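**Q** In case you want the letters, here they are:
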Amino acid sequence: MADINIGKAPATIAVLPFYGTAAVFLWILTLFMAIEPYDLLVHYFSPHLLAWVHTAALGWATMMIFGAAYQLLPVICEQDLYSTRLALWSYGLLTTGVCILIFSFWNFWTGMPMIIGGSFILLAACCYAFNVWQTAAPCSDKYTVNKCFLISAACWLVLTVSIGLLLAINLRYPFIPRNHLELVKLHAHLGLVGWFLQLIVGVSVKLIPMFLLGKSNKNYVLRIALVLQNMGLILFLVDGYLVPTNKRSLIYGVLVLLGVLAWGYYLADAFRNRARKKIDIPMKHVFFSFGYLLAAFLLLPVMEFRTETKWVTLYGILLFLGWITALILGKTFKTLPFIVWNKRYKKLNGKVKVPLPKQLYSEQLVTVQYYLYHVACSLLLTGIVFTMTWLLQLSTILWLLMSTVYLYNVAKVLFHKQTKPLWNYK
Amino acid sequence: MSDPLFHEKMKAQIALSDVIDPELGVNIIDLGLVYEVDFPNVDQIIVNMTLSTPHCPLGEAIKEGVTNVLTAIFPYRNVKINVVWEPIWNFDMISDAGREQLGLSPR
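Protein sequences, first through last, are from chains A and B.
For the first sequence, the residue numbers in my numbering are 61 to 486.
For the second sequence, the residue numbers in my numbering are 1260 to 1366.
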């Protein structure tokens, strides 16, 4: 029996800054919302809403996903992370780029500030994509589907950000012979279906069965999911660019939906064949996230046939604050405590009693966060559908409370200090 | 009991029960991660074991734990750990005590 290289966890410096910064950006986002809740009722292409969307998409979701991906790529690909230095570069570039971009959108400084911010983010995306490629490419064959999802997501990210940068340039120096809003629609869906969806699928099909102690042998449905999601996206982009105002986008939406259902079928199979019956709060967060995603699909025909912009805002909220946020809120406490624990207690394991990873954060606060999140999200969605300003005000305050609880708990893990002697841990 | 190394193996088994898989919160003996402990000569211990997930980031911590507990009770022996993927670990390898701690459905 040969000794097999079990691999090394990536350096924590390549991972932890992303978690901390993402939690801060979520807090900033909810602060924006609480200060100006009525911005949610204006057209989505307005300075403040653009600043919000990019805080959510880049500062919160992409920041967190970069960090989680650097930690999980070695697990998924059974290969050490290619470069910690590149990971750090992507962190510095993304953080700087997002800060510049948010300020530019908030004040609508088109021109150099927006272009510089976009350029930093493009460089960050390139660093990330190169790191993913170098780590995932040597994967063994049995992980082909996971590998394809991760690589295709990284490629779509680079394309999304490139188009975003071109749009920023186009705002100041118009050169694209197309309606700007139609291009924004393509840019947004490129990011949602290409980057977020495919990355989440690639990671979740490994992690969710692992957390549930479940398994599924239906790998073929993942290949179907990969083809359907990419086919739907490519057709949507090509047709959407050539013939901007057509209703065929619904057909492409159905293709992507079928790809999502195939992914859901795989996860449901793993869920059925799980050994761990008890579902904890972080996993409940993850399951609810799928509901928000499906609700967003149901809104697609409404957006096609109704002219009110509130449906577009609702769609964005379902995806960013519903689907992606619920998923990240849940996954944070399934990954972050383990990373910090590994750094602090690895050498002490077996020598003395050490705390378990779940003792590094407050489980009670995760429960509080869970209920606050659901109430805040439900009230926000209701407030937008019925244009109830007082409800928007109330819900955004709850969002701020929720993100404060989350930020506190993340900081508690990041700055973990032993509060009692090691031999007292049980 | 006829095994001349029975007592050493029992001591090793008890010591390894102090190594917890941090992800599952259960010791590696009850999880069935340890396949074999061998004493091939007077100054060595060989542990053949597996991990619940290949390339698990916590794998190093578990290996470290195994080395720590065995070095503590067998200070004059060198600990060698072989991480193997055959046979593949599965839920059936978890002991009844481990299943109870994990809240798994009974066998």
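Keep in mind that the hints were calculated from the coordinates and are not lab data.
This structure is a prediction, so every number in the text was calculated from the model and none was measured.
Among the hints, erroneous ones may be present.
Said to hold, decoys possible - Label-pair restraints from in silico Cβ distances:
hint, chain 1, residue 1, chain 2, residue 2, range
1, A, G171, B, G1284, 48 to 56 Å
2, B, E1345, A, S106, 39 to 47 Å
3, A, T367, B, Q1360, 53 to 61 Å
4, A, K275, B, V1301, 41 to 49 Å
5, B, D1351, A, Y280, 23 to 31 Å
6, A, D299, B, Q1360, 50 to 58 Å
7, B, Q1360, A, V287, 37 to 45 Å
8, A, L231, B, Q1360, 39 to 47 Å
9, A, L148, B, G1284, 45 to 53 Å
10, A, L241, B, G1362, 46 to 54 Å
11, A, R238, B, G1362, 31 to 39 Å
12, A, R332, B, K1270, 39 to 47 Å
As the list claims (entries may be wrong) - Within a straight-line C-alpha distance of at most 25 Å, the following computed DMTMM-like cross-link-like pairs (lysine to aspartate or glutamate) qualify:
hint, chain 1, residue 1, chain 2, residue 2
13, A, K275, B, D1351
14, A, K266, B, E1295
15, A, K411, B, E1319
16, A, K407, B, D1351
17, A, K266, B, E1345
18, A, K275, B, D1355
19, A, K407, B, D1355
20, A, K338, B, D1355
21, A, K266, A, D140
22, A, K337, B, D1355
23, A, K413, B, D1277
24, A, K275, B, E1359
25, A, K411, B, E1267
26, B, K1339, A, E423
27, B, K1270, B, E1295
28, A, K477, B, E1267
29, A, K344, B, E1359
30, A, K403, A, E423
31, A, K418, B, E1319
32, A, K418, B, E1267
33, A, K413, B, E1345
34, A, K403, B, E1359
35, A, K406, A, D329
36, A, K338, B, D1351
Quick reminder that beta carbons are idealized off the backbone N, C-alpha and C, glycines included.
**Q** List, from low to high, the hint numbers that the structure doesn't satisfy.
**A** Failing hints, ascending: 2, 8, 9, 11, 14, 16, 19, 26, 28, 32, 33, 34, 35.
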